[in-house]
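Asker: Line by line, the protein sequences give chains A and B. Using numbering that gives the first Met the number 0, the letters of the first sequence correspond one by one to residues 0 to 257. Using numbering that gives the first Met the number 0, the letters of the second sequence correspond one by one to residues 0 to 259.
It is worth saying that the hints were derived from the structure and are not from the lab. Given the structure is predicted, the values throughout are model-derived calculations rather than measurements. Don't take every hint at face value.
Claimed, not checked - Mimicking DSS-like on lysine-lysine, the simulated pairs with C-alpha atoms at most 30 Å apart in a straight line are:
hint	chain 1	residue 1	chain 2	residue 2
1	A	LYS67	B	LYS251
2	B	LYS81	A	LYS12
3	A	LYS17	A	LYS206
4	A	LYS67	A	LYS223
5	B	LYS257	A	LYS12
6	B	LYS5	B	LYS257
7	B	LYS251	A	LYS54
8	B	LYS153	A	LYS12
9	B	LYS224	A	LYS67
10	B	LYS5	A	LYS67
As the list claims (entries may be wrong) - Reference excerpt, derived from the structure (chain B facing chain A, CB under 10 Å, subset only):
hint	residue
11	LYS5
12	ASP10
13	ARG13
14	THR17
15	LYS40
16	GLU70
17	GLU73
18	LEU75
19	GLN78
20	PRO79
21	ILE80
22	PHE259
Backbone N, C-alpha and C fix where the C-beta goes; we use that ideal spot for every residue, glycine too.
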Amino acid sequence: MITIQNLHKAFGKNEVLKGIDLNFDKPGITAVLGPNGSGKTTLIKCVLGMVIPNKGCICMEGENIAGKWAYREHLSYLPQIARFPENLTGRELLSMVKDMRNGKASDQGLIKIFDLEPHLDKRLGNLSGGTRQKINLILTFMYDNPVIILDEPTAGLDPVALIHLKDLIEQEKQRGKTILITTHIMSFVEQIADEIVFLLEGKIHFKGSLRALKERFNEVSVEKAIANMMLQQNGKAFAVKDMEPSSAPATEFLESEN
Amino acid sequence: MFKILKYSFFDLVRSRWTYIYCAFYFLFTLSLLWLSNDLSKVTISLMNVILVLVPLIATMFGIMYYYNSREFTELLLAQPIKRTSIFIGQYFGVALSLSGSLLVGVGVPFLLYGIFGSGQIWNFLTLLMVGVFLSFIFSAIAFFIALKNENRIKGFGLGILVWLFLAVIYDGIFLLLLAVFSDYPIEGFAMGASMFNPIDLSRILILLKLDISALMGYTGAVFQKFLGTSMGMVASITILFAWVALPVWRIKRVALRKDF
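Go ahead and model the full structure; you've got the sequences and the hints to work with.
Answerer: Following this line, the structure appears as structure tokens:
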């Protein structure tokens, strides 16, 4: 499906991606994890062609995507922060996106699931963050595309909507789609992800199944395994904390885990 | 591209700024026509306002529109649409709505006055053409500046600076040079220099149309000799087109390389 080779991206002096090699060929859910600023969103935006890499290439269905745009027809993308033109209403936005894309859109069912009917005629600028995120989800899921990319899909959602979202993702997985998710909510990852890619300072630090991750760090939960990984990598701070265990709550946390 | 243009255009047509801009021209033209019966004087007064105001408003409006529609742009970038058509479409939406305001605001009072019955129709059309050209030129420059600068303050500052330079400072330097080198035959230079400023070129085009180039002395005669011919007319319109094409080409280039 998607092949990423030796991807480099720097914004000015700030090197965000330093040689990423990834391959998403099987259907299933891959969670892209990493601390803030590790390059998750940049990676995703490179795949979408919104950020142009300095080096390396991304292929979709064996075709290099550099400078291309038609491939996005087969891609559903949920942006991290739902930013919409504020003067439009939800209904206008939906019809606008439908007008821009060619495929058949099925949004009625989704509107019902997220109970959005009463909000569709309000100005998008007046909607709450969670409601905007729901509209964002509808825009993403209304097309039947083989690749779905979700950047922080849970942001601002209430528990009911979260359950619906998980159901939706599960359904799409059953239909054999390749799904990429970034999130900071580890319980969410634990429930839905098949594979984990852990990014750290622009490099892939870990790639493998959930079980492999837990086994490697000898932990029972993903949350702790990931926290462990972040701390271990954070070498300097860890060493300092090691010398002064009393003043380092993070170390205490780790010790209590072990 | 036409879909983007359509959405941008209708978005702007619904904006109250478009109406304020249009209403201003409407009232201004109406009052000029009411105050004076001499159509060529009205045209000159209008010209002076249009030559300063159109570039200023087009620059500010273009930059404002770009920054305000960032969300829309980000949404579009994730859709299967060519990058350049997003920005070129938005640009044409802005330029067309600005030109529309100008054409309606200035055109309707003249129509009510009965412009078709008078001999001034060509001067009037030249004025409108120049106004439309300036709208397209300066909104393209504005889009280019906004695309280049993420920082809004910087973008607006640069926009104002470009406008100030082309509308005021350029003329100042130009006149100063003419005064200092008045003993030398510098008509050729004067001619060339005015070609490099779309505002100056527009002004000369209208003044020549109005047949008052005698007021500009010998330089005016040289201009008349060149621009008064159909060759000169074609050349100056070509230059105005180039002034649109150059920033549009730059917009395309920048749009292809920018990260969002």
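Asker: Against each hint, give a clear statement of whether it holds in the structure.
Answerer: Now for the hints, and whether the structure bears them out:
With a C-alpha separation of about 15 Å, the suggested pair LYS67 of chain A and LYS251 of chain B falls inside the 30 Å cut-off, and the hint holds. Among the hinted pairs, LYS81 of chain B with LYS12 of chain A is consistent with the structure: their alpha-carbon atoms are about 29 Å apart, no more than 30 Å. Between LYS17 of chain A and LYS206 of chain A, the direct Cα distance comes to roughly 16 Å. Compliance with the 30 Å bound is thereby established for this hinted pair. With a CA separation close to 41 Å, the supplied pair LYS67 of chain A and LYS223 of chain A exceeds the 30 Å bound.
Using a Cα cut-off of 30 Å, the hinted pair LYS257 of chain B and LYS12 of chain A holds, with the two alpha carbons roughly 16 Å apart. Our distance criterion of 30 Å between C-alpha atoms is met by LYS5 of chain B and LYS257 of chain B, whose separation comes to about 24 Å. The hinted pair formed by LYS251 of chain B and LYS54 of chain A meets the criterion: a straight-line CA distance of about 22 Å does not exceed 30 Å. With a C-alpha separation of about 21 Å, the suggested pairing of LYS153 of chain B with LYS12 of chain A holds against the 30 Å cut-off.
For a cut-off of 30 Å, the pair hint linking LYS224 of chain B to LYS67 of chain A is broken: about 51 Å separates their Cα positions. Note on LYS5 of chain B and LYS67 of chain A: the hinted pairing holds, with a Cα-Cα distance of about 23 Å set against a maximum of 30 Å. Interface hint at LYS5 of chain B: satisfied, since its Cβ lies 9 Å from the closest Cβ of chain A, which is below the 10 Å cut-off. Given hint, ASP10 of chain B at the interface with chain A, holds; its Cβ is 7 Å from that chain's nearest Cβ, closer than 10 Å.
For the restraint placing ARG13 of chain B at the interface with chain A, the shortest Cβ-Cβ distance is roughly 7 Å, inside the 10 Å limit, so the hint holds. Interface restraint check for THR17 of chain B: the shortest CB-CB distance to chain A comes to about 13 Å, outside 10 Å, so the restraint is violated. Hint on LYS40 of chain B is violated. Least Cβ distance to chain A is approximately 42 Å, over the 10 Å limit. The restraint placing GLU70 of chain B at the interface with chain A holds, with a minimum CB-CB distance near 4 Å, inside the 10 Å limit.
With its C-beta approaching chain A no nearer than about 6 Å, GLU73 of chain B sits inside the 10 Å limit, and its interface hint holds. Given the 10 Å rule on beta carbons, the hint for LEU75 of chain B holds: about 7 Å separates it from the nearest Cβ of chain A. For the restraint placing GLN78 of chain B at the interface with chain A, the shortest Cβ-Cβ distance is roughly 5 Å, inside the 10 Å limit, so the hint holds. Of the supplied interface hints, the one on PRO79 of chain B holds, with its beta-carbon coming within about 4 Å of a beta-carbon of chain A, less than 10 Å.
Among the interface hints, the one on ILE80 of chain B holds; its C-beta lies about 6 Å from the nearest C-beta in chain A, closer than the 10 Å criterion. Below 10 Å, beta-carbon pairs count as interface contacts, and PHE259 of chain B has one with chain A at about 5 Å; its hint therefore holds.
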